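Protein sequence lines, in the order shown, are assigned to chains A, B, C and D.
Per the working numbering, the very first residue in the first sequence carries number 1; after that it's consecutive.
Per the working numbering, the very first residue in the second sequence carries number 139; after that it's consecutive.
Per the working numbering, the very first residue in the third sequence carries number 277; after that it's consecutive.
Per the working numbering, the very first residue in the fourth sequence carries number 415; after that it's consecutive.
Source of the hints: derived by calculation from the structure; they are not laboratory data.
Predicted model only: the values in this text are computed from it and were never measured.
Treat the hints with caution; some may be incorrect.
[Claimed, not checked] The calculated DSBU-like cross-link candidates involving lysine-lysine, where the alpha carbons are at most 35 Å apart (straight line), are:
1) Lys213/B with Lys69/A
2) Lys542/D with Lys345/C
3) Lys421/D with Lys249/B
4) Lys249/B with Lys69/A
5) Lys383/C with Lys266/B
6) Lys245/B with Lys7/A
7) Lys383/C with Lys107/A
8) Lys266/B with Lys404/C
9) Lys111/A with Lys351/C
10) Lys283/C with Lys421/D
11) Lys332/C with Lys194/B
12) Lys107/A with Lys7/A
13) Lys194/B with Lys69/A
14) Lys56/A with Lys207/B
15) Lys75/A with Lys146/B
16) Lys421/D with Lys284/C
17) Lys7/A with Lys383/C
18) Lys194/B with Lys542/D
19) Lys213/B with Lys128/A
20) Lys75/A with Lys332/C
21) Lys56/A with Lys483/D
22) Lys421/D with Lys383/C
23) Lys249/B with Lys56/A
24) Lys521/D with Lys146/B
25) Lys489/D with Lys284/C
26) Lys284/C with Lys542/D
27) Lys194/B with Lys421/D
28) Lys489/D with Lys283/C
29) Lys56/A with Lys213/B
30) Lys483/D with Lys332/C
31) Lys542/D with Lys56/A
32) Lys128/A with Lys207/B
33) Lys483/D with Lys345/C
34) Lys194/B with Lys345/C
35) Lys111/A with Lys245/B
36) Lys245/B with Lys194/B
37) Lys107/A with Lys283/C
38) Lys207/B with Lys107/A
39) Lys111/A with Lys249/B
Number of protein chains: 4
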Amino acid sequence: MRIEDFKKCQIGECVTQVQVRYYEVDRQNVVHHSNYARYFEIGRTELLRVNGYAYKDLEDCGVMLVVAKLDCRFKYPARYDEIIEIHTRVTRADRARLEHSYTIRHKADGKILAEGSTTLVHVDREGKLQPMPEFLLG
Amino acid sequence: MRIEDFKKCQIGECVTQVQVRYYEVDRQNVVHHSNYARYFEIGRTELLRVNGYAYKDLEDCGVMLVVAKLDCRFKYPARYDEIIEIHTRVTRADRARLEHSYTIRHKADGKILAEGSTTLVHVDREGKLQPMPEFLLG
Amino acid sequence: MRIEDFKKCQIGECVTQVQVRYYEVDRQNVVHHSNYARYFEIGRTELLRVNGYAYKDLEDCGVMLVVAKLDCRFKYPARYDEIIEIHTRVTRADRARLEHSYTIRHKADGKILAEGSTTLVHVDREGKLQPMPEFLLG
Amino acid sequence: MRIEDFKKCQIGECVTQVQVRYYEVDRQNVVHHSNYARYFEIGRTELLRVNGYAYKDLEDCGVMLVVAKLDCRFKYPARYDEIIEIHTRVTRADRARLEHSYTIRHKADGKILAEGSTTLVHVDREGKLQPMPEFLLG
């Protein structure tokens with residue numbers, strides 16, 4: 001399949017649950033902050049999936065999405081074995097970039113643990129900047 | 139030793155070298171972006187060390203520094219086995235927060251790979267917000 | 277609750293599904309071998325859970341289970357986004373140790389990806405060796 | 415350069431120092447056991463380097479070394495910021511496999527923290543088993 005044939009993404013947000021794993025927690029007894037970039041990645045991967053695509057298929061077609069910018073504000077710690085929700089939303093999508101915002105919440109009480117955003121750009125296999133594929137522009 | 143007896147940090151910046159490890163690199167053949175938060179952590183830990191302190195000693199005294207905010211702009215990918223430099227600098231230090239900025243460079247040619255910043259706050263063992271210890275205010 | 281009051285574990289094996297995450301895959305395009313120790317940990321945690329316990333509760337009661345021995349044979353690579361099954365089984369449980377064996381399989385075709393085992397011992401909060409709690413002896 | 419032109423490895427063992435990083439430590443306040451597979455990898459990479467080769471160059475020549483077997487016995491915990499020594503030694507090298515043994519020690523007092531071994535096999539870019547290159551047979 002060619003990337004030009006992918007149908008437009010219709011769904012702009014989703015919620016994904018993950019359970020905090022033992023190895024993600026540090027000696028302060030909270031999730032190490034570096035893992036939030038990984039939770040964000042899981043969130044936007046699942047948002048793509050509810051639109052019908054595995055991110056793997058994009059890379060197989062030569063569409064590499066790379067993170068050009070990331071920010072995160074940490075409000076409240078997540079702890080081992082807690083179930084958290086990754087709320088992911090597309091906030092901007094044009095030929096130059098794809099932006100997502102994320103809210104990480106405790107599933108149990110809805111408490112906000114972290115908020116962040118990422119900006120993705122599209123590069124080819126050689127790392128050269130490319131316009132964002134049409135189907136991702138929603 | 140009590141944290142009140144720590145002498146003031148005099149040195150506001152440093153450069154730390156690390157070599158990219160195999161497990162840090164992803165299937166795009168570049169360092170996975172989540173590792174930059176870890177490089178930043180190494181950078182500010184080493185900046186503390188050139189000032190005479192192991193961060194471990196702070197935690198042993200009950201001073202937990204936690205990341206409240208992080209941002210990073212990724213300019214150019216780092217690859218397996220490359221030696222990179224973490225340039226770390228204190229950009230703000232007051233009773234409420236400790237801010238660092240970071241520039242990640244290729245050692246070989248000085249090329250900028252990423253730039254970012256973090257804001258740390260001080261909490262006690264129960265996670266309650268505390269004023270930043272005097273000795274960290276430089 | 278005290279650990280002495282925990283009811284005996286009745287179930288000796290279980291199957292847990294996980295989906296390979298992007299950051300677990302290395303530049304050979306396969307799951308980095310260090311992640312299998314983490315999959316094993318997920319497997320035995322879930323086996324405990326189907327017996328009615330969160331491992332978190334054990335640690336909260338002062339029961340720290342630590343890995344004293346681990347081995348793994350890697351048969352076939354797992355790849356990004358594949359769903360794998362962790363088949364976990366208690367193979368020995370006595371006052372000195374708790375042994376599990378693991379088989380990691382592709383969910384799609386049942387193919388064996390890896391086989392391994394771990395030996396856990398029980399230490400208290402100071403790291404001193406303790407007899408395995410009765411309820412874990414099944 | 416072609417892999418056939420690589421000169422034979424002459425050095426069969428080496429010692430590498432690493433300092434335990436914050437994110438490697440878990441809520442038991444010790445290095446998470448999955449990291450030992452990563453320390454072993456660092457050890458054998460550095461053993462290759464003292465023989466004049468970067469493992470990166472092997473992969474660039476299409477020589478992928480993959481871990482077929484790993485075992486580890488954990489004797490004593492490593493903690494945050496401690497300097498540890500990875501003692502790496504080739505214990506067997508023939509056309510079918512390359513075996514290393516590892517001893518992880520505290521630098522400060524020489525105490526043994528862990529002992530393990532790995533078996534590597536050589537596969538090409540398509541994952542097909544190949545005879546071990548001559549120069550690795552020492």
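Numbers of unmet hints, in rising order: 5, 6, 9, 10, 16, 18, 22, 26, 27, 35, 39
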